[in-house]
Amino acid sequence: MALPPRPVRRVLGSASLRFALLFAVLFLGAGLAFAAVLWWGTAGALDRQTDAAIRADATAMQERWRAGGPAALVDAIETRLAADVENEMLYLLLSADREPLAGNLDDPPPQQDSDIPWFRVPLLRDDEPSEARLYRLDLGDGSRLFVGRDVAEKLRLRTLLTDALAWSATAATLFAGLGAWLLSRALSQRLAPATSTAVAIAAGDLAPRVPLTGREDEFDRLGQTMNAMLDRIATLMSGVRGVSDAIAHDLRTPIARARSKLEEALGSASDEVALRGAIEQGIADLDGITRIFQAVLRIAEVEAGARRAAFAPFDMTPVLEDAADLYLPSAESQGAVLEADIPPNLMLTGDRDLVLQAVANLLDNAVKFTPEGGTIRLVARRGARAVYIEVSDDGPGLSAEDRERAGTRFFRADSARTTPGSGLGLSLVRAVAALHRGDLRLADAHPGDPRPGLLATLRLPA
Amino acid sequence: MRLILSLLALMSTAPFDLAGATTAQAEVVRVTTDSAAYCGELSQRLSVTPHAEAEPARSLAEEGRRLCDNGYVRTGVAKLRRALRAAMNQAN
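Heads up: the sequence lines are chains A and B, in that order. Residues 1 to 462 in my numbering are what the first sequence spells out, letter by letter. Residues 463 to 554 in my numbering are what the second sequence spells out, letter by letter.
If you are wondering where the hints come from, they were derived from the structure by calculation, not from laboratory data. Hints are not guaranteed to be accurate.
[Stated by the list, open to error] Here are the simulated distance ranges between beta carbons:
1) Gln506(B) to Leu101(A): 16 to 26 Å
2) Leu174(A) to Val490(B): 17 to 27 Å
3) Leu182(A) to Val490(B): 26 to 36 Å
4) Val490(B) to Leu178(A): 44 to 54 Å
5) Pro518(B) to Gln49(A): 27 to 37 Å
6) Val490(B) to Arg185(A): 32 to 42 Å
We treat Cβ as the ideally placed atom computed from N, Cα and C, and that holds for glycine.
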């Protein structure tokens with residue numbers, strides 16, 4: 001079977017057309033329901049009224065027959081016909097041998113013996129066609145009575161109603177079609193900006209954004225969501241570019257250093273011991289580079305959130321005590337003091353190893369930047385819905401701008417250029433905090449002091 | 463349009479069909495009271511009805527007879543019936 005042309009297929013398959021058709025069907029369905037109710041309440045009511053009148057008349061006639069026999073019934077029929085000013089009553093009384101005894105019909109209905117006692121019969125009244133509604137009543141002596149009404153007037157009314165409803169249905173169909181077309185057009189128009197923006201993005205241009213109408217409707221919300229998504233993608237891509245640049249820049253120096261050392265040893269080493277020493281130094285430099293890569297990969301792993309599946313409840317107190325014990329010798333070797341204030345029973349749900357790594361990174365930074373005679377403080381406290389871990393030092397601290405950028409991969413403040421490190425420690429701390437739906441805040445440990453120090457607060461929701 | 467009309471025509475027969483009626487298609491039944499003979503029958507009935515000479519029965523009857531004589535049988539029959547009803551109402 002041949003498929004319709006592509007534009008036709010596109011129109012037939014469009015969601016806006018389906019919405020429009022749904023609207024049209026609902027509109028027509030409502031119209032038909034209205035027409036059915038109207039019909040039931042008018043023409044149907046007239047029919048039911050006629051049937052009720054015939055039944056009542058037939059019952060009365062039966063009573064007359066029971067009371068006075070056939071003669072009384074004949075008299076009753078003739079009296080009723082004589083007083084029928086509306087000219088709509090129909091009667092026919094047949095004897096047991098089906099001879100007419102009274103009434104105003106020349107013959108009984110052709111199917112008078114059928115099981116169902118109700119009939120619709122074409123009627124001729126003064127040579128004008130009409131229609132009769134008849135009810136058959138079999139009397140006890142074998143005679144038979146037909147009672148009915150001429151329903152020509154009701155038929156005329158029904159025809160009028162039918163015409164009116166048909167015209168209304170035609171108008172409703174036209175309006176439904178018009179409404180469907182307008183709806184389809186409006187949907188297409190409102191979606192056009194989002195579509196054209198998506199096409200431009202797909203073509204490689206990330207700059208365009210979906211224009212908003214300011215109506216704050218569903219389409220504006222769709223546009224806002226798309227724009228937020230595009231902004232996020234742009235930020236991430238910028239971040240990826242930044243990390244690539246940083247990796248290239250920060251690894252170039254240690255690699256170049258290792259290379260120059262090896263080259264120098266190759267040219268100037270006088271004996272095997274000197275050459276071996278140079279090779280060992282080169283291996284150590286390369287191990288450092290490997291550690292940087294491992295740190296970058298670990299941060300990426302944490303940011304991906306894959307380790308959230310391994311979350312379990314644990315007590316932070318021994319973790320913090322272990323971290324303090326681990327860095328106490330380093331602090332003391334630098335002539336600094338490490339003070340710890342860790343309350344018992346700090347229950348938390350998360351990744352124990354990652355939290356320990358984060359606290360260790362904070363302490364490592366604090367030890368590195370605290371001068372001789374300075375103090376490093378590790379304080380933990382329980383808040384309403386989180387555990388707060390504070391690490392403060394007496395170091396040079398960070399300026400407000402540097403605090404904003406701290407945590408970006410490979411970021412190192414100017415004052416820290418001479419200190420060993422890769423600029424990845426705080427990145428991992430921030431990633432661990434985000435993984436636990438917490439955060440890392442940096443502030444001055446001694447505000448106003450020439451050496452303000454740094455207060456790093458890690459908030460982890462309990 | 464034809465579909466809608468067909469649907470509505472179907473609806474128009476529904477009340478009768480629901481009541482279980484049979485439809486006689488072939489033969490037509492005639493009404494026998496739209497005839498000059500019935501005019502005479504009604505006149506005869508009026509003549510023996512009390513108060514038939516009182517108004518408005520009398521003038522209605524006269525008009526009815528005149529219409530029947532002039533060939534307007536249905537209208538004449540209607541007038542005579544109104545005359546009869548008026549006379550009976552007066553009797554009651």
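Can you let me know if the beta-carbon spacing of Leu174(A) and Val490(B) is within 17 to 27 Å?
About 41 Å separates the Cβ atoms of Leu174(A) and Val490(B), which means 17 to 27 Å is violated.
I want to verify a distance hint. Is the separation of the beta carbons of Val490(B) and Arg185(A) within 32 to 42 Å?
violated, 56 Å
Range hint 27 to 37 Å (beta carbons of Pro518(B) and Gln49(A)) holds or violated:
About 30 Å separates the Cβ atoms of Pro518(B) and Gln49(A), which means 27 to 37 Å holds.
CB-CB spacing for Val490(B) and Leu182(A) relative to the 26 to 36 Å hint:
violated, 53 Å
Against the range 44 to 54 Å, how does the distance between the Cβ atoms of Val490(B) and Leu178(A) compare: consistent or not?
holds, 47 Å
Within 16 to 26 Å: is that where the Cβ-Cβ distance between Gln506(B) and Leu101(A) falls?
Roughly 19 Å apart at Cβ, these two residues keep to the hinted range, so it holds.
In this structure, the hints that do not hold are numbers 2, 3, 6, in rising order.
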